[in-house]
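Novice: Each chain, written out:
Number of protein chains: 2
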Amino acid sequence: MFQDVLKEVVDGTEGGLATLLMDFEGIAVDSYSKPNAPFDINTIGAEFSVVIKSIQRAAQMLEAGNTAEVAIQAEKMITLIRVVNDSYFVAFSMSPDANIGKARYMLRTRVPAILKELS
Amino acid sequence: MFQDVLKEVVDGTEGGLATLLMDFEGIAVDSYSKPNAPFDINTIGAEFSVVIKSIQRAAQMLEAGNTAEVAIQAEKMITLIRVVNDSYFVAFSMSPDANIGKARYMLRTRVPAILKELS
Chain E
1 MFQDVLKEVV DGTEGGLATL LMDFEGIAVD SYSKPNAPFD INTIGAEFSV VIKSIQRAAQ
61 MLEAGNTAEV AIQAEKMITL IRVVNDSYFV AFSMSPDANI GKARYMLRTR VPAILKELS
Chain L
1 MFQDVLKEVV DGTEGGLATL LMDFEGIAVD SYSKPNAPFD INTIGAEFSV VIKSIQRAAQ
61 MLEAGNTAEV AIQAEKMITL IRVVNDSYFV AFSMSPDANI GKARYMLRTR VPAILKELS
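Chains as they are written, first to last, in our numbering: chain E, 1 to 119; chain L, 1 to 119.
Isolated chain E (complex conformation) (with noise of 0.2 Å):
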């Protein structure tokens, strides 16, 4: 199920190359990689997973209120983080030159399948 909606979000954009569910500890669920992919996404998951926590306590400090999502954009990747609850994101990374706009798209319009799957 979530490798359904995983491969979808990748397939689905432009310069999209992998996508990973992973919770908040850095371990990840299931992911989904194209085979040319020059990245390993539970290497980038278990990175981000630090600087995701790092996001939301300043986020809090500041009363900003929840991160819904994180964009970074890199030399030689993007990587699109999206929240999906208290516990879990989807990291989705792509080319410097993908459709990110599509990315945020695929990630806003598919992440609540992947939530419903985990409640």
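Quick caveat, the hints were computed from the structure, so don't treat them as lab data. Since the model is a prediction, treat every value here as computed from it, not as a measurement. Since no wrong hints were added, every one of them can be taken at face value.
Any copy will do: because identical chains look the same in the list, a pair fits if it lies in one copy or spans two.
Below, a list of computed lysine to any residue pairs in the SDA-like style, where the Cα atoms sit at most 25 Å apart:
hint, residue 1, residue 2
1, Lys116, Gln73
2, Lys34, Glu8
3, Lys34, Asn66
4, Lys76, Asp86
Let chain E serve as the given structure and place chain L on it in line with the hints.
Specialist: Then chain L, alone, in the frame of chain E:
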């Protein structure tokens, strides 16, 4: 000089609230806030200097190249961070309904003037 650019970015973006030029140690160089900004941009910058350091560490570990931009979407605020060089970044906070595409464009086109001034 910085003040002009920081103000131009806020005023040129629908929903723009405040901008800040800060070094990665969390020390502000200059900032501009609209009078009605509901958040203190210096606090935001200091919180996110910690976040962006952890992102840069993650990107290094992943060999993803330098981080250019980070966008954080929380319930009550969007913060866009653009790395200026190895030492400085610009943080731009806006309301949740702001035009984030315009915000990214404004930062991308105005930050070179800041970089020139810092060099």
